[in-house]
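J.: Be aware that the first sequence starts at 1, since it is given in the working numbering, and climbs by one per residue.
Errors might be hidden in some of the hints.
For lysine to aspartate or glutamate, the following EDC-like pairs were computed, each having C-alpha atoms within a straight-line distance of at most 20 Å [stated by the list, open to error]:
1. K144 to D377
2. K138 to E271
3. K144 to D283
4. K144 to E258
5. K144 to E274
6. K144 to E271
Quick list of the computed label-pair ranges, beta carbon to beta carbon [what the hints assert, rightly or not]:
7. Q117 to S257: 38 to 48 Å
8. D397 to T291: 37 to 47 Å
9. E163 to P412: 20 to 30 Å
10. G75 to D399: 42 to 52 Å
11. V185 to G67: 27 to 37 Å
12. T285 to R169: 46 to 56 Å
13. P250 to G173: 47 to 57 Å
14. G89 to R64: 16 to 26 Å
15. P171 to Q117: 13 to 23 Å
Just so you know, these hints were derived from the structure itself, not from any lab. We put the CB at the ideal spot given by N, CA and C, even for glycine.
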Amino acid sequence: MSTAVVWFRRDLRVADHPALRAAIGAADEVVPVFVVEPALWGGAGANRRWFLHGCLTALDEDLRSLGSRLVVRHGHPTEQLLAVAREAGADTVFATDECTPVASRWEAEVRRVLGEQGATLSLESTSYAIPPGTLVTKAGGPFKVFTPFFRAWRAHGHASPLERPRRIRTPDGITDHGLPERPDVTADLPEPGEAAAHRRLEAFLRDGADTYGDDRNRPDLDRTSRLSAHLRFGTLHPRQVLDRLDPDDPSHTTFASELCWREFYAGVLAEWPESAWRSWRPDATHVEVDTGTDADERFEAWAAGRTGFPFVDAGMRQLLAEGFVHNRVRMVVASFLVKDLHLDWTRGARHFMEHLVDGDLASNNHGWQWTAGTGTDASPYHRVFNPVTQGQRFDPDGDYVRRWIPELGAVPGAAAHEPWRHADISTGYPSPIVDHAEERDEALRRWQARPR
DNA sequence: TTTTGAGTTGTTCGA
DNA sequence: GTCGAACAACTCAAA
1 MSTAVVWFRR DLRVADHPAL RAAIGAADEV VPVFVVEPAL WGGAGANRRW
51 FLHGCLTALD EDLRSLGSRL VVRHGHPTEQ LLAVAREAGA DTVFATDECT
101 PVASRWEAEV RRVLGEQGAT LSLESTSYAI PPGTLVTKAG GPFKVFTPFF
151 RAWRAHGHAS PLERPRRIRT PDGITDHGLP ERPDVTADLP EPGEAAAHRR
201 LEAFLRDGAD TYGDDRNRPD LDRTSRLSAH LRFGTLHPRQ VLDRLDPDDP
251 SHTTFASELC WREFYAGVLA EWPESAWRSW RPDATHVEVD TGTDADERFE
301 AWAAGRTGFP FVDAGMRQLL AEGFVHNRVR MVVASFLVKD LHLDWTRGAR
351 HFMEHLVDGD LASNNHGWQW TAGTGTDASP YHRVFNPVTQ GQRFDPDGDY
401 VRRWIPELGA VPGAAAHEPW RHADISTGYP SPIVDHAEER DEALRRWQAR
451 PR
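Using the sequences and the hints, build the whole thing.
T.: Right under this line is the structure:
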């Protein structure tokens with residue numbers, strides 16, 4: 001009897017799972033393992049831990065229905081994988097390549113330690129339709145601009161999803177530490193697990209995909225896919241999404257481009273690992289940012305949704321309430337932190353990572369860098385979002401704003417975006433903490449004054 | 001090597 | 001109210 005280990009990480013599904021498929025093909029018995037690494041688990045934020053816990057529970061149920069089960073271990077992946085491999089008598093550990101700086105370090109460590117024992121780590125596929133680093137420019141270098149990358153990405157095509165396995169044989173008697181306690185959360189979070197991911201996908205294909213091109217920027221309509229958390233934890237693979245889209249439908253293509261942004265930024269982070277928390281543009285590193293007590297107070301107002309700008313505050317309150325923010329609003333609140341409050345983008349990125357269920361280092365932090373003007377984009381400095389006109393344009397009836405800010409419940413229609421004009425009926429809502437026109441000029445001044 | 005066209009998501013001003 | 005131009009100058013990708 002031969003045995004293989006499958007190391008689950010951000011690929012918490014059984015269908016379309018190349019590493020699982022490879023293990024089943026290579027060995028008679030398969031031990032599916034998830035290692036709870038204390039530092040990573042502790043750093044994830046309660047919302048993401050809650051969702052992860054649910055995904056692991058669902059994965060265990062799915063595996064049991066196939067005749068297997070999920071073995072959960074706590075500690076360093078190197079020690080724990082080695083221990084499981086020894087217990088099971090396995091000489092190969094199969095895993096999905098994560099393509100992130102931290103994961104790459106773990107993989108190298110696991111590969112080395114297994115190698116010392118005569119065992120191997122076999123990486124199969126990635127969490128992306130096209131593995132980061134695959135696509136290069138004609139000059140052979142990494143892409144730094146999205147549009148040419150998107151063209152190359154579309155032309156390259158992607159693999160078809162794999163079938164769900166019918167049966168998985170797993171040996172008895174492997175020690176299991178069990179899952180950590182499920183954290184208590186106050187937010188209303190999405191349903192975790194592979195089955196929920198597919199229900200979400202089907203709902204989007206039915207109700208949102210055909211109008212995505214027109215409606216995606218409308219937080220009041222809420223017709224985006226809401227698949228981000230599932231893509232983050234791999235309860236769904238982008239292959240499985242792309243497989244259901246019509247490449248000739250412009251609306252579907254717009255949605256595919258959003259999946260492509262995820263892959264673009266994964267490639268950028270893999271190429272420049274240090275850009276996770278430092279400005280990608282060298283000349284943007286030293287744009288003056290505010291620190292100190294005043295800056296801290298502005299940050300707290302932003303984080304709590306008390307800036308006095310309804311579109312910004314609605315987004316920040318949605319983040320706390322749902323662990324999710326509509327993409328359009330993410331850009332507006334990020335622009336506000338960086339260009340109206342003059343705070344370092346990493347403060348905002350860290351706050352997002354704390355609360356977002358879909359929090360992904362590459363997408364989140366490079367999204368922030370794009371807004372801050374420090375990332376892979378050529379000319380963003382004069383692109384300062386106006387929080388009022390953005391609200392008026394993308395939430396034309398004020399519905400999104402009133403949904404999250406009860407104090408504005410009596411302010412009708414688009415007037416909710418300018419409550420200072422209706423102070424008599426907006427009860428208890430703060431006045432704007434800054435003057436947007438002045439801070440916009442200040443942001444432009446600081447950018448132009450940056451040392452180069 | 002040099003050149004050329006283009007660059008997610010915007011705002012403001014003035015005609 | 002609508003529309004086009006300006007907002008600096010730079011970097012990237014491809015020819």
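J.: CA of K144 to CA of E258, is that 20 Å or under?
T.: 16 Å, holds
J.: Kindly confirm whether 46 to 56 Å is satisfied by the beta carbon distance between T285 and R169.
T.: 54 Å, holds
J.: Sort out whether D283 lies within 20 Å of K144, counting only the CA atoms.
T.: 16 Å, holds
J.: V185 and G67, beta-carbon distance inside 27 to 37 Å?
T.: 33 Å, holds
J.: Between the alpha carbons of K144 and E271, is the straight-line distance 20 Å or under?
T.: Since the Cα atoms of K144 and E271 sit roughly 10 Å apart, the hinted pair holds (cutoff 20 Å).
J.: Starting from K144, check that the Cα of E274 is at most 20 Å away, please.
T.: The given pair, whose Cα atoms are some 15 Å apart, holds under the 20 Å limit.
J.: Given a hint of 42 to 52 Å, does the C-beta separation of G75 and D399 actually sit inside it?
T.: 48 Å, holds
J.: Please work out if K138 and E271 have their alpha carbons no farther apart than 20 Å.
T.: 17 Å, holds
J.: If you check the beta carbons of P171 and Q117, does the distance land in 13 to 23 Å?
T.: Holds, at about 18 Å.
J.: Sort out whether D377 lies within 20 Å of K144, counting only the CA atoms.
T.: It holds: about 8 Å lies between the C-alpha atoms, which stays within 20 Å.
J.: Determine whether the Cβ-Cβ distance between D397 and T291 falls within the hinted range of 37 to 47 Å.
T.: The hint (37 to 47 Å, Cβ to Cβ) holds, given that D397 and T291 are roughly 39 Å apart.
J.: Using the C-beta atoms of P250 and G173, is the stated range 47 to 57 Å upheld?
T.: The hinted range 47 to 57 Å holds for P250 and G173, with Cβ atoms some 55 Å apart.
Violated hint for the displayed structure: number 9, the only one.
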